[in-house]
Amino acid sequence: MAVINWFRKHVIAIVAGLIFFFLLVPNFVVIWMSFNKPSGKYNVKWEKFSFDAWKNPLDDGILHDPLMLSLEIALLATLVATVLGTMIAFAIVRHSFKGRGFVNSVLFLPMAAPEIVMGTTLLALFLNTFGVSFLGFKSILIAHIMFCVSYVVITVKSRLNGMDPMLEKAAQDLYATPWQTFWRVTFPLVAPGIGAAALLSFALSFDDFIITEMTAGNSVTFPYWIWNAVQKGIPPQVNVIGSLMLIITLAGIAIAEVPKWLKTSKAR
Amino acid sequence: MSAPALADEAAEALADGTTVAELRADKRVRRRRATLPYVLLAPGIIWLVVFFIVPMWSIVSTSVETGDMDTGFVLSWRWANFGDVWSQWHQQIIRSLEYSLMCTVFCLILALPLAYFIAFKAGRWKNLLMALVVAPFFTSYLIRTLAWKTILADDGWVVHAMNTLHITPLLSGMGWTYSDNSVLQTPFSVVCGMVYNFLPFTVLPIYTAMEKIDPRLHEAGQDLYASAWATFRKVTFPLALPGIVGGTLLTFIPAVGDYTNAVMLGGPKTKVIGTVIEQQMIGTGGNIPYGAALSVLLMVGTLVITLAYIKRAGTEEIV
Chain A
920 MAVINWFRKH
930 VIAIVAGLIF
940 FFLLVPNFVV
950 IWMSFNKPSG
960 KYNVKWEKFS
970 FDAWKNPLDD
980 GILHDPLMLS
990 LEIALLATLV
1000 ATVLGTMIAF
1010 AIVRHSFKGR
1020 GFVNSVLFLP
1030 MAAPEIVMGT
1040 TLLALFLNTF
1050 GVSFLGFKSI
1060 LIAHIMFCVS
1070 YVVITVKSRL
1080 NGMDPMLEKA
1090 AQDLYATPWQ
1100 TFWRVTFPLV
1110 APGIGAAALL
1120 SFALSFDDFI
1130 ITEMTAGNSV
1140 TFPYWIWNAV
1150 QKGIPPQVNV
1160 IGSLMLIITL
1170 AGIAIAEVPK
1180 WLKTSKAR
Chain B
227 MSAPALADEA
237 AEALADGTTV
247 AELRADKRVR
257 RRRATLPYVL
267 LAPGIIWLVV
277 FFIVPMWSIV
287 STSVETGDMD
297 TGFVLSWRWA
307 NFGDVWSQWH
317 QQIIRSLEYS
327 LMCTVFCLIL
337 ALPLAYFIAF
347 KAGRWKNLLM
357 ALVVAPFFTS
367 YLIRTLAWKT
377 ILADDGWVVH
387 AMNTLHITPL
397 LSGMGWTYSD
407 NSVLQTPFSV
417 VCGMVYNFLP
427 FTVLPIYTAM
437 EKIDPRLHEA
447 GQDLYASAWA
457 TFRKVTFPLA
467 LPGIVGGTLL
477 TFIPAVGDYT
487 NAVMLGGPKT
497 KVIGTVIEQQ
507 MIGTGGNIPY
517 GAALSVLLMV
527 GTLVITLAYI
537 KRAGTEEIV
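Protein chains in written order, with the numbering used here: chain A, 920 to 1187; chain B, 227 to 545.
Think of the hints as simulated: they come from the structure by calculation, not from any bench. These numbers were taken from a predicted model, which means no experiment stands behind them. Glycine included, every Cβ here is placed at the ideal spot set by N, Cα and C. Fair warning: there could be bad hints in the mix.
[Stated by the list, open to error] From the derived model, a few chain B residues whose C-beta atoms are all more than 10 angstroms from chain A:
#1 A231
#2 R259
#3 S302
#4 W303
#5 W312
#6 S313
#7 Q317
#8 S398
#9 D406
#10 Y422
#11 P464
#12 G483
#13 T510
#14 R538
[As the list claims (entries may be wrong)] Keeping only pairs whose Cα atoms sit at most 30 angstroms apart, straight-line, the calculated DSSO-like set for lysine-lysine is:
#15 A:K1017 <-> B:K460
#16 B:K438 <-> A:K1088
#17 B:K495 <-> A:K960
#18 B:K438 <-> A:K1179
#19 A:K928 <-> B:K460
#20 A:K1151 <-> A:K974
#21 A:K1182 <-> B:K438
#22 B:K352 <-> A:K1017
#23 B:K253 <-> A:K1088
Excised from the complex, chain B in its bound form (with noise of 0.2 angstroms):
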């Protein structure tokens, strides 16, 4: 150590009061604690780069291979096969945005009066209803949405009920299912199956927003003549939107890739983008060049719209 930086280290001992040895043992302190972060940060976060942010680099090389099964694949860089892939897809793809939108809105049409009737009307309850609404996840997601196939089959009651209702006419009428008698294997069952199973994801975010509110206001908008419905318009409708807009994310974006309700709950015409990387990834005869190429579409797509909400709204209030 040279001799000014000897002269600075004892003139802010003298400045702290203390010698200077202590200075020093307090000064390794201090550089062991700046490295403690990185040491429990760095194993989970080295997890996550090696096994989320590298297969992203993988599967953006893998989209432009070309070969086949048999003689295996070669990096070529063959670009065209985003063209090649959209020109055949695009329906699915448009199909696949549609229903995880119309999920979306119904999501949070849902969830709203939900979490604000456990947030604000629950009590003591609270805690109690939070756990029913996570508690349908403990019970095997497939099997669940397999019960859907019980509850909307031909000749159950919800149907009967739907009949006697003149429901399934004005569903048919606007496309949504495809006869008067029936609502299975239609974009109908898909998207029931799609919101319930997406439903708690939507509320968790939204009920956390709305608990962090002082029901005071509401009683402030009471005494100031507001109506329920314009105390919810005007004061937890916009302090609850960070948690509307972090729900609606966290359904929308794993929904646009789920397949498995398309699958269980639909048909032939409710083929979604999904279930086609499904089978050009791992199914027989599959061309995994395609399936990576449209997993990178769909990666680049929910990435953008994820990125801007991030930067809107900031990571800090999700995570």
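So that you can see chain A by itself, here it is in the shape it has in the complex (with noise of 0.2 angstroms):
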């Protein structure tokens, strides 16, 4: 009966593990795998413990460019989609203006439509106006910047939708121009969700495959890299980098979380 008891009591936490561990273990099988030596090709199989991939993480330096392309468009889609995605947010908190409602749609429209036909479109776009040879790195960005966009405005949004307006009227009261108001009292303030929007623009545009894969013509980011090579194989350094991602990751959510989780639970 107390065994019946606690499994009620605890129920809803014992579900909430198992699909905690159904959405972790790949993650962990991307780290396990990346210590495989596998005899053949494919890095499917587990075989035998082995440290070469970690010692070679570029695969003699095939990995080097995909990667490099991956990084490059990453980081300027991000800067730009940063600048106009917080432009977008102070004005939809706050000012007022007409055609809201457009706004709001022109917005949430990428994010709901289908990765395969913002692709499509794109490239049809691209193909009537300019023709093949535009397809590459300046195609790549522009679309990056396209999706990226939406999901800086959400996240800078709802930083700005809780932050204190008397924080900025008391900076006014004290003769601030509305100049320094922005740069010494908003901007701090706004600046962790302008840093979470950029980490998130970060992570979505060098993770990009299918949009990548239409508007990329003959050039090769990381993900369409991995995507050619399915068919013969993936060699385990792309596990290294998988893992190596995560670890980075991690360790930033552990560095932002940690000190506030520490502040908590010494208030307790």
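Hey, can you piece these two chains together into the complex? The hints should help.
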């Protein structure tokens, strides 16, 4: 009876735990298989432990170009999308203007549209106006900025909405000019939201495959390289890079969350 | 400025207890404030209009072209392209709808308890657990999808366990897999990969909606002798409904067009419409107008669903 009661009380926690297991297990498999030494070209079955892939993460330079292209595009797309999206978020939260419904729809639709549709529509535009030679770095960058903007807007918007407007009023009461108020009060308060938006943009851009495949022409980004290599066999080096990405992210989350967490645990 | 207008201005200044000069300065500031939002909006919105809305027209015009890869395609307004693609690929279109519908249902079944647990039971671990929900995103999703090939391999422990529990014959009996001791290259493995990849998109909006619910409402439900299940059904569920609708929308629509799971975890029998579009648009020997026509069908279908949703729930809640 005690067991049944315990189970009833914790059933939701057990279910949530199982779902977390489902969500996280592939990440562990990715890390685990990065230490594999496959005898053939396919790194699907566990065979032998080895540090080989970690000692040579770029697979003798094969991964260098796709990785660099992805990083370059992700950095530029993040920069532009974060600026454009932050401006829109300020307009939406702090100002009244005509056409709010239109602006909201234009921002929402790219998040709801299937990626393949965004990819093919852009490809049609580029082919019709510029021709095949345009496809490559420029077309991928344009596409990535386009789909990142909406995510920046929602992230910065939620931070702005959570801010106390009294702080800015106080600054103005203390005779700060609008410019001073913005750079000394508003911006530092919104900065974490902008940082989170930039991180999200970077991840979305770096990881994008479908839209990139449609607009890439002959350029090959990191995800596109993986896609092409699936049939030929993926080297464990790809798992090494995947593991490194996860470790860097988790370290970032830890740096952001642990101090806050320690503060609240002390307060209790 | 005409004399009556000047008189009006003076009267206004008098009423406000200021001078005409101050009133004018004030109006200048207000006018600048009125143009500021448009200045802030313009670059981003123009970018989205040029590279998201305008291309919709490009794809429609491409979809009614004729020709081939060697001689090029010309706009001939051949609407029959749509009849052609439907008769040739309706099987893949229906299959994509089936897979994404199943994916959405399973995602919802998993997302509700997970979002509920994080929003109401996790306490100060809340942010950390939400970070864990999105953390997998930071390893390339193609690599993570490939990991399912290892997990669901014929001689892996998952398939062994499913054999022991007699789940595999059940699945093949339902037509979700094709043999009793293998699950890869089947609708089951494809939908499994899709659920895995889209689950965070279902969880996030539901969690956001649930987090706003005052926990005292649950206590009130319990005080009124409602069971935990009744409280969920009558209090939590209706209040979380906007998030549930948003989450299922953000799962179903991207899922319809997805082909990465179908290609990586599926086989020849799981070909979906995304793969057909990919092959027609950029494959060798593809027919771009056919690919465009299929994209238009997909675009119109998802646009109708999304607009119907926006009309019902409004965009402010999600955007």
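Decide, holds or violated, for the assertion that all CB atoms of chain A are farther than 10 angstroms from the CB of B:R538.
-> holds, 13 angstroms
Fill in: 30 angstroms limit on alpha-carbon distance, applied to hinted pair B:K352 and A:K1017
violated, 38 angstroms
Exercise. Are A:K1182 and B:K438 close enough, with their CA atoms no more than 30 angstroms apart?
Worked result: holds, 23 angstroms
task = Below or equal to 30 angstroms on CA atoms is what counts here, so check B:K495 against A:K960.
result = holds, 25 angstroms
B:D406 non-interfacial with respect to chain A [C-beta, more than 10 angstroms]
holds, 21 angstroms
Is the nearest CB of chain A more than 10 angstroms from the CB of B:T510?
-> Per Cβ check, B:T510 is outside 10 angstroms of chain A; nearest 13 angstroms; holds.
Report task. Measuring Cβ to Cβ, find out whether B:R259 lies farther than 10 angstroms from everything in chain A. Result -> Non-interface label on B:R259 violated, nearest chain A Cβ at 7 angstroms vs cutoff 10 angstroms.
Reported absence of B:G483 from the contact zone with chain A (all CB gaps over 10 angstroms): violated, 3 angstroms
Exclusion check [B:Q317 not at the chain A interface, CB over 10 angstroms]
Its Cβ never comes within 10 angstroms of chain A, the nearest being 18 angstroms, so this holds.
Consistency of the no-contact label for B:W312, given chain A and a CB cut of 10 angstroms
holds, 17 angstroms
Check your understanding: Under the criterion that the straight-line Cα-Cα distance not exceed 30 angstroms, is the pair B:K438, A:K1088 satisfied?
Key -> holds, 27 angstroms
Discussion item. The output says B:S313 does not contact chain A. Does that hold with a beta carbon cutoff of 10 angstroms?
Written reply: holds, 20 angstroms
Of the hints listed earlier, those the structure fails to meet are numbers 2, 10, 12, 15 and 22, in rising order.
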